[in-house]
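Asks: Spelled out, the chains give:
There are 2 protein chains.
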Amino acid sequence: MARSAAALVIGNEILTGKVHEANVAALAAELFAMGIALRRVVVCPDDPAQIADDVNALRARFDVVITSGGVGPTHDDVTVPAVARAFGRRVVRDEALVERLRAHFGDRTSEGHLRMAELPEGAELVAGPASGWPLVRIENVWLLPGVPEIFRARLPLLRAQLGDDAPFHSHAVYTRADEGEIAALLEGLEAAHPGVSVGSYPRLNDPECTVKITFDGRELGPVQRARDAFVQALPPNLFVRKEPA
Amino acid sequence: MARSAAALVIGNEILTGKVHEANVAALAAELFAMGIALRRVVVCPDDPAQIADDVNALRARFDVVITSGGVGPTHDDVTVPAVARAFGRRVVRDEALVERLRAHFGDRTSEGHLRMAELPEGAELVAGPASGWPLVRIENVWLLPGVPEIFRARLPLLRAQLGDDAPFHSHAVYTRADEGEIAALLEGLEAAHPGVSVGSYPRLNDPECTVKITFDGRELGPVQRARDAFVQALPPNLFVRKEPA
Numbered sequence: 001m002a003r004s005a006a007a008l009v010i011g012n013e014i015l016t017g018k019v020h021e022a023n024v025a026a027l028a029a030e031l032f033a034m035g036i037a038l039r040r041v042v043v044c045p046d047d048p049a050q051i052a053d054d055v056n057a058l059r060a061r062f063d064v065v066i067t068s069g070g071v072g073p074t075h076d077d078v079t080v081p082a083v084a085r086a087f088g089r090r091v092v093r094d095e096a097l098v099e100r101l102r103a104h105f106g107d108r109t110s111e112g113h114l115r116m117a118e119l120p121e122g123a124e125l126v127a128g129p130a131s132g133w134p135l136v137r138i139e140n141v142w143l144l145p146g147v148p149e150i151f152r153a154r155l156p157l158l159r160a161q162l163g164d165d166a167p168f169h170s171h172a173v174y175t176r177a178d179e180g181e182i183a184a185l186l187e188g189l190e191a192a193h194p195g196v197s198v199g200s201y202p203r204l205n206d207p208e209c210t211v212k213i214t215f216d217g218r219e220l221g222p223v224q225r226a227r228d229a230f231v232q233a234l235p236p237n238l239f240v241r242k243e244p245a
Numbered sequence: 246m247a248r249s250a251a252a253l254v255i256g257n258e259i260l261t262g263k264v265h266e267a268n269v270a271a272l273a274a275e276l277f278a279m280g281i282a283l284r285r286v287v288v289c290p291d292d293p294a295q296i297a298d299d300v301n302a303l304r305a306r307f308d309v310v311i312t313s314g315g316v317g318p319t320h321d322d323v324t325v326p327a328v329a330r331a332f333g334r335r336v337v338r339d340e341a342l343v344e345r346l347r348a349h350f351g352d353r354t355s356e357g358h359l360r361m362a363e364l365p366e367g368a369e370l371v372a373g374p375a376s377g378w379p380l381v382r383i384e385n386v387w388l389l390p391g392v393p394e395i396f397r398a399r400l401p402l403l404r405a406q407l408g409d410d411a412p413f414h415s416h417a418v419y420t421r422a423d424e425g426e427i428a429a430l431l432e433g434l435e436a437a438h439p440g441v442s443v444g445s446y447p448r449l450n451d452p453e454c455t456v457k458i459t460f461d462g463r464e465l466g467p468v469q470r471a472r473d474a475f476v477q478a479l480p481p482n483l484f485v486r487k488e489p490a
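The listed protein sequences correspond, in order, to chains Y and W.
The first sequence begins at 1 in our numbering and counts up by one.
The second sequence begins at 246 in our numbering and counts up by one.
Don't read these hints as lab results, they were simulated from the structure.
Wrong hints could be hidden among the right ones.
Derived coverage of chain Y by chain W (criterion: at least 3 residues anywhere in the stretch with Cβ under 8 angstroms from a Cβ of chain W; other residues may be distant) [what the hints assert, rightly or not]:
id: 1; segment: 16-28
id: 2; segment: 61-74
id: 3; segment: 134-143
id: 4; segment: 151-163
id: 5; segment: 179-193
Result set (BS3-like, lysine-lysine): computed pairs, CA atoms no more than 30 angstroms apart in a straight line [as the list claims (entries may be wrong)]:
id: 6; chain 1: W; residue 1: K457; chain 2: Y; residue 2: K212
id: 7; chain 1: W; residue 1: K457; chain 2: Y; residue 2: K18
id: 8; chain 1: Y; residue 1: K212; chain 2: Y; residue 2: K242
id: 9; chain 1: W; residue 1: K487; chain 2: W; residue 2: K457
id: 10; chain 1: W; residue 1: K457; chain 2: Y; residue 2: K242
id: 11; chain 1: Y; residue 1: K242; chain 2: W; residue 2: K487
id: 12; chain 1: W; residue 1: K263; chain 2: Y; residue 2: K18
Every value quoted in this text rests on a predicted model; they were computed, and no experiment measured them.
Using N, Cα and C, we set each Cβ at its ideal position, and we do this for glycine too.
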């Protein structure tokens with residue numbers, strides 16, 4: 001099994017530059033470690049119709065969809081009603097979540113707080129081993145909060161729920177080349193090593209390495225062979241180091 | 246005039262978590278300062294068919310489209326042929342750019358380097374006041390490089406070319422509230438102040454402020470009135486400060 005994934009980041013604050021998006025990098029690294037291929041990220045505004053359209057487009061096309069943001073208590077938190085709309089479901093208030101909110105906020109519990117107990121009808125709540133807030137899942141769509149510290153804290157639970165696919169193997173060669181100089185060496189590598197994705201990444205402010213070349217694939221053998229073929233073809237004075245060594 | 250914009254970030258390295266995306270935040274802040282509304286960001290892989298689809302979807306829907314990445318000399322730099330495909334144009338080699346590359350790289354000039362002189366036929370080259378590499382524009386699509394230092398360095402030239410729209414006004418109130426507590430205060434504000442977008446952003450690790458409320462709009466009067474109405478309704482002990490003061 002080799003699943004694909006997409007992320008939908010919801011929030012005007014990202015699009016106006018007020019908040020630096022910080023969840024995609026963590027999610028991308030986690031999915032890569034899980035062997036799930038993140039194929040698309042969309043950032044959209046706090047607009048229920050737009051969110052619903054994006055959820056529907058992504059869930060039809062990818063095995064797993066993760067949303068980030070818009071699940072808090074305020075008027076600009078519109079992810080739950082938007083996802084409900086995408087699935088053609090009503091928004092309902094979950095009594096167990098209401099109880100948890102009342103236990104937490106006590107006399108201060110407001111209608112705003114109780115909005116956090118609202119879910120698309122039929123959504124599944126997935127509780128982790130600790131007593132943290134559950135993950136919300138509707139079919140292949142997982143709703144995560146946008147606050148980076150909380151988002152990252154939910155990733156282990158998401159991973160436990162999704163389970164891992166066959167892992168990606170990722171090897172790298174650090175060089176002192178300039179990209180134009182080694183472009184020809186890289187040109188045929190992917191064709192000669194099917195299933196290996198070769199990336200070339202210039203590093204402007206790295207005193208040790210000017211270009212990092214990466215070799216990714218599901219099978220270790222072809223990844224190693226592609227990397228070795230590159231190292232053999234690379235003029236030795238341009239070679240810095242391999243990873244893993 | 247109030248234009249909309251979208252960004253297309255191209256690169257497997259973002260989707261595998263190898264590289265933290267760093268250009269959207271800078272672009273979003275610049276566009277916001279220019280009064281141009283960034284409405285959508287898409288991150289897609291180094292796949293020419295996918296890039297062409299995304300370019301066509303975005304350029305039809307938004308006034309300005311900015312791409313980031315995939316314009317270097319290596320095999321995984323496929324933005325130029327993909328954008329050419331989106332516009333149904335050929336890829337051609339620009340002789341003036343070839344000369345610049347030869348002047349820069351001298352005897353070391355490789356076919357890889359010369360790939361950087363390739364453009365969709367009919368693309369416009371926009372040179373800045375300094376002698377830096379020109380911006381590439383095809384109709385409403387602007388091709389920017391992915392390396393963050395270079396991307397950011399091109400933004401002033403992009404801004405000079407696009408020109409500013411009427412600016413957004415953005416005011417903020419920092420509070421010691423929790424979001425659920427003030428949700429009701431925020432609920433009707435947008436309806437009462439048409440043209441003002443109100444955002445509520447929890448701050449987990451800020452000792453001074455727990456929730457920042459923002460008021461954005463094209464007209465200063467309604468933005469100020471929405472902010473003042475919120476401050477008046479906010480219990481004084483929850484108020485920290487306003488911005489601007």
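Asks: Against each hint, give a clear statement of whether it holds in the structure.
Replies: Now the hints, each set against the structure:
1. Note: the segment 16-28 of chain Y has 11 residues with beta-carbon separation from chain W under 8 angstroms; the three-residue rule is met and the coverage holds.
2. Proximity of the segment 61-74 of chain Y to chain W, defined as three or more residues with a beta carbon under 8 angstroms from a beta carbon of that chain, is established by the 3 residues found.
3. Beta-carbon proximity to chain W at under 8 angstroms applies to 0 residues in the segment 134-143 of chain Y; the threshold of 3 is not reached and the given coverage is violated.
4. With a cut-off of 8 angstroms between beta carbons, the segment 151-163 of chain Y has 0 residues touching chain W; three or more are needed, and the interface restraint is violated.
5. Note: the segment 179-193 of chain Y has 10 residues with beta-carbon separation from chain W under 8 angstroms; the three-residue rule is met and the coverage holds.
6. A C-alpha spacing of about 40 angstroms is found between W/K457 and Y/K212, which places the hinted pair above 30 angstroms, so the restraint is violated.
7. For a cut-off of 30 angstroms, the pair hint linking W/K457 to Y/K18 stands: about 11 angstroms separates their Cα positions.
8. Distance check on the hinted pair: Y/K212 and Y/K242 sit about 10 angstroms apart at the alpha-carbon level, within 30 angstroms; holds.
9. Distance check on the hinted pair: W/K487 and W/K457 sit about 10 angstroms apart at the alpha-carbon level, within 30 angstroms; holds.
10. Restraint check for W/K457 and Y/K242: the C-alpha separation of about 46 angstroms exceeds 30 angstroms, so the hint is violated.
11. Of the supplied pair hints, the one linking Y/K242 and W/K487 is violated, its CA atoms being roughly 52 angstroms apart against a limit of 30 angstroms.
12. Simply put, W/K263 and Y/K18 have alpha-carbon atoms about 24 angstroms apart, close enough for the 30 angstroms limit, and the pair holds.
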